[in-house]
Every structure is written in structure tokens, then in C-alpha cells.
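Asks: Given next are the chains, with one letter for each unit.
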Amino acid sequence: MSSIDVPLTKRGFGETRRTDNWWVEPLYIFLGYLAFIIYANWSLLTPTHFHFVGGGADYISPMYSPLLTQEGPVSASGLTTDPGPTPSWWPSFMPIAFSPAMLILIFPLAFRFTCYYYRGAYYKGWWMDPPSCAVGEPRNKYLGEKYFPLIFQNVHRYALYAAIVFIFLLAYDGWKALWFGPEGNKHFGVHVGSLVLILNPILLGMYTFGCHSLRHLIGGKKDVLSDSPARKKCYDCVSGLNKNHMKWAWISMFYVGFVDFYVRMCASGTWTDWSIF
Amino acid sequence: MADTATFRIWRGERGTGKFVDYKTEISSGMVVLDAVHRVQATVANDMAVRWNCKAGKCGSCSAEINGKPRLMCMTRLNQLDLTQPVTIEPMQTFPHVKDLVTDVSWNYEVKKKIAKFKPRKPDAADGSWRVQQADVDRPQEFRKCIECFLCQDVCHVLRDHHLHDEFIGPRFLIYTAQMEMNPIDTGDRVPALKEDFGIGYCNITKCCTKVCPEEIKITDNAIIPLKERVVDVFFDPLAKMFK
Numbered sequence: 080m081s082s083i084d085v086p087l088t089k090r091g092f093g094e095t096r097r098t099d100n101w102w103v104e105p106l107y108i109f110l111g112y113l114a115f116i117i118y119a120n121w122s123l124l125t126p127t128h129f130h131f132v133g134g135g136a137d138y139i140s141p142m143y144s145p146l147l148t149q150e151g152p153v154s155a156s157g158l159t160t161d162p163g164p165t166p167s168w169w170p171s172f173m174p175i176a177f178s179p180a181m182l183i184l185i186f187p188l189a190f191r192f193t194c195y196y197y198r199g200a201y202y203k204g205w206w207m208d209p210p211s212c213a214v215g216e217p218r219n220k221y222l223g224e225k226y227f228p229l230i231f232q233n234v235h236r237y238a239l240y241a242a243i244v245f246i247f248l249l250a251y252d253g254w255k256a257l258w259f260g261p262e263g264n265k266h267f268g269v270h271v272g273s274l275v276l277i278l279n280p281i282l283l284g285m286y287t288f289g290c291h292s293l294r295h296l297i298g299g300k301k302d303v304l305s306d307s308p309a310r311k312k313c314y315d316c317v318s319g320l321n322k323n324h325m326k327w328a329w330i331s332m333f334y335v336g337f338v339d340f341y342v343r344m345c346a347s348g349t350w351t352d353w354s355i356f
Numbered sequence: 033m034a035d036t037a038t039f040r041i042w043r044g045e046r047g048t049g050k051f052v053d054y055k056t057e058i059s060s061g062m063v064v065l066d067a068v069h070r071v072q073a074t075v076a077n078d079m080a081v082r083w084n085c086k087a088g089k090c091g092s093c094s095a096e097i098n099g100k101p102r103l104m105c106m107t108r109l110n111q112l113d114l115t116q117p118v119t120i121e122p123m124q125t126f127p128h129v130k131d132l133v134t135d136v137s138w139n140y141e142v143k144k145k146i147a148k149f150k151p152r153k154p155d156a157a158d159g160s161w162r163v164q165q166a167d168v169d170r171p172q173e174f175r176k177c178i179e180c181f182l183c184q185d186v187c188h189v190l191r192d193h194h195l196h197d198e199f200i201g202p203r204f205l206i207y208t209a210q211m212e213m214n215p216i217d218t219g220d221r222v223p224a225l226k227e228d229f230g231i232g233y234c235n236i237t238k239c240c241t242k243v244c245p246e247e248i249k250i251t252d253n254a255i256i257p258l259k260e261r262v263v264d265v266f267f268d269p270l271a272k273m274f275k
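Sequences listed follow chains B and V, in order. Under the numbering used here, think of the first position of the first sequence as 80, with each following residue one higher. Under the numbering used here, think of the first position of the second sequence as 33, with each following residue one higher.
These are computed hints drawn from the structure, not numbers from a lab. These numbers were taken from a predicted model, which means no experiment stands behind them. Even for Gly, the Cβ is constructed at its ideal location relative to N, Cα and C. Hints may contain errors.
With a straight-line cut-off of 30 Å between C-alpha atoms, the simulated DSSO-like cross-links for lysine-lysine are [stated by the list, open to error]:
{"id": "1", "chain 1": "V", "residue 1": "LYS272", "chain 2": "V", "residue 2": "LYS145"}
{"id": "2", "chain 1": "V", "residue 1": "LYS275", "chain 2": "B", "residue 2": "LYS312"}
{"id": "3", "chain 1": "V", "residue 1": "LYS150", "chain 2": "B", "residue 2": "LYS300"}
{"id": "4", "chain 1": "V", "residue 1": "LYS150", "chain 2": "B", "residue 2": "LYS220"}
Which chain B residues face chain V? A few, computed with CB under 7 Å, are given here [to be verified]:
{"id": "5", "residue": "ARG96"}
{"id": "6", "residue": "ASN100"}
{"id": "7", "residue": "GLU216"}
{"id": "8", "residue": "GLU224"}
{"id": "9", "residue": "LYS225"}
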């Protein structure tokens, strides 16, 4: 590669001649992710009220779906199931109680952590590499994604495969949220919670099916797309969603938090799950 | 719009110099390059500025206006806050020559290192090829590039980390993508992308896309697809197995 033989100036952290509010976007990104991380950790460490069964409903929080461990009986309130016993393989020396969400969230979080949009965003908002375009950085050393540890971002497509499985699992949860009554005698119905749970896989799908890796796998890797109209159509659809990948990333992330909150509010008896029909 | 405005322009040679304030008359419809020309014509005849078409197509008048890499000829004064001095300085990523002019020849040296377009055998006896428009839509987007090098200027890998000898920058990643995605081309630049061209250094902050005057989706349509092609070959054992 060619080198430049004239020394270039090195700018200090935050140094820029930009006159606009360049710090607003990375600040919003920082605060947005921080808010979700705090909520997700709280939810993960609070393995109660994640399954609403009041009135014969069957709403499961997306952070606890699918149900991995044996659940306890319906609680005294009749609104939720009690957390099941801690699995025998959970080490006794662990300072925190077992939560099934620990085994579940790792997959969607891996997908979002390695997502091309999220990477660009948190490199700015959290790692300040750079804080914003044409703004000085805090560190001199830079390895990018070429070397360890960030070379592992290349596993994104494998996280995508897991994320697609979760779309179907959560769609099944949405379907179950349309049936009410005792086991074996359920009837169709629509409550506010049904709509809340059905919208979740739709929003997650808008995000997941606009993934850059999927766009590549479904057609982008080919130089000739015209020889397969079906492939071309799929590629165009993914490309269409990909244009708004950032928007769907944010909406779906906060909506997952909202669905978890809604289920918890219903299961704890704080909110009433209104029936529509 | 005010009748006069102050332009704070970098004056100096070979990396040394200072900002000098020039107050000049302005009028409706002016762009920054017009103001620079007026300053040059009236009070700073020796000021060096590179320009050519004044239409955003030659890529000559790249500079940093209020800290943002932009074409001077495509930055209208009514987009700027003229109550404050407008800062105009040369691109920071390339060696400074004089005033607003930088030496961008490094880019041409980089381009020479990239394997040239290698077409397959012609489809017809007259030496031509048959290609569907749908298959050349992608490479055609990259052909809009005017080589203004604003994307190279804003890329922090070059701008802040000075990895000019390890990373070719966004301009040449789209140049590579333009050939890699061309259905006629038979060349394979993927191994070079990983090692020699340093595509792994790009951390997808999309600054290149934001400054592109041709609005090429550099990151989404060129760099990330190339990163995925590198993953196909070097980081995905399943893809290798089913190839």
C-alpha cells in the first residue's frame, strides 16, 4: 500500500471545528442503549411475573420465551405462574439467582450486538471511535474489526440464524395470546395483550428481515440476480427493509421492552388486560 | 440574508499557517466557492484554491466548511449561519500544499494497486456482452463517484489513525465493489480486500455515506456487501462447506 510521507496532524479528543450539535446523536445513542440495558438486566434478574395466565390468557414475556425450565404452579393471585425451581446444574456459588432469560437473551443480544447498524452506532456512542464524524478520538491505537476481539463481529450471520428462529417462536406466542380459557377448552378472543404480543414478532421481523447479512445471503452475494426472479424479488424486499434498518432496530428493541413490561404489569395485577372481543 | 459575511480561511503552506478572517459582500444564491473567489479577487489574490466545474461534478473543490467535509461549490451560503464566521480549511486527511489545496495523489497510487477490470469472453462475435439492467444497477450506483475524496477525508481510519498504508478507504472500496459486483468481471479481489486493502478496519460509522455529494450509499451498498463476501471466504465454515 502507498504511504504518505508528509506528517499529518493528530487532533485531540473531541477536537473539531464543527459548529453543529454533533454530540446530540451519540448522546441519544448512548442514553437509548443504556436505558434498554438497564431494563433488560432488571428484567433478567427479576424472574417473576413473566407469564400472565389471568382469565385463561397465556402471555409470555419475549425475554422469557420459550419457556425453558419447569414452571411452578399458578400463584395465589391466579394471574401468573410461580418461578420454577432453580435447575440442579446452576452453580451454588453464583452470586445471582438463576433466570431463564439468561439462556434466552444471549441469542437476540448477540444478533443486535453484531448487527452492522448497532456496531456503527455503539462504536460512536459508547466507544467514541469516533464520537462523531470529523471529531477527534480519545485513543491513538486502532485495530478496527480486523483483529481480535472485534474480528468476532464476523459471526453476525450465525446470530441471524438464531434471531430468525426467535421470530417464529414469538409469532407462536402471539398466536397463543389469541386463545383464552381453561386448558382444553380455549376460545378465540382478542384482548389488548393479544395485540401487544402479535405486534412484537412483526416489528422484530421488520428489523431482522432487513439485516445486511440476510441481504447478502439471499442474493447480494450473486453478481447475476436476473436469472432467478424469485431470488431477485427476495433481494429487493430485504433491500427495501434494509433502507430503514436503523428505524426498525430502535422500534423493535424498545417494543420488546414494552411487551415484557406489559406482561409483568398484567401478571402482577397492576394493569387490567382489557378485552376487545 | 446579510449583505456581508466573514469567512475564516486557512492560509499557509505545507501544514503551517493560520486562519485569516475575510469580510466580503455576498448576494442571494451564492455558494461558498463564490465567496472564496470574491475574496481571492478582491483582497487575497495569492490564495490557492482548486476548483473546476462549479457544478458538483468534477470533485475538485473539496474542503472543510465549518468542520464538515463538503464541496465548496455545492454549499449554499443560505445553509450556513452567517452571523458567525464561516470556517473554510483544506481536507485534513491529505498532505497540505497551500491554503485550501491538498495533495491527493496518494489516492491515485492506491488505485493502481487494485486489480483491474477483467471481463469474461465476449458474448457476441462483435466483442460485446449481453447484460441485464437489473444486474448492473448495483455497480452503476458506484460509477456516480466523482472522486472528490470527501469520504476519504472524513474516514477516521485515515483521518485520525493515519492508516494510509494499510487501508484503502471508502472511495476505493466502492471502486472495488464496482468491479466485484459486475457480472462481466472475472477478477477475484476478496483476498486482497481482507489483507492488503484492510476492509476490517472499517467500523461502519457511515461518515463516508453522510458526506458523499453524489449520495452513494457507500456503507450499505458497497462496504458491508464486500465485508460479507470476505466473511463467505474467510469466516464462515458453513458457507465453505455448502459452496
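Asks: None of the hints should be skipped; say for each whether it holds.
Replies: Checked hints:
no. : hint                   : result
1   : V:LYS272 with V:LYS145 : holds (28 Å)
2   : V:LYS275 with B:LYS312 : holds (23 Å)
3   : V:LYS150 with B:LYS300 : holds (19 Å)
4   : V:LYS150 with B:LYS220 : violated (37 Å)
5   : ARG96                  : holds (3 Å)
6   : ASN100                 : violated (12 Å)
7   : GLU216                 : holds (5 Å)
8   : GLU224                 : holds (5 Å)
9   : LYS225                 : holds (3 Å)
Checked against the numbered hints given earlier, this structure breaks hints 4, 6; the rest are met.
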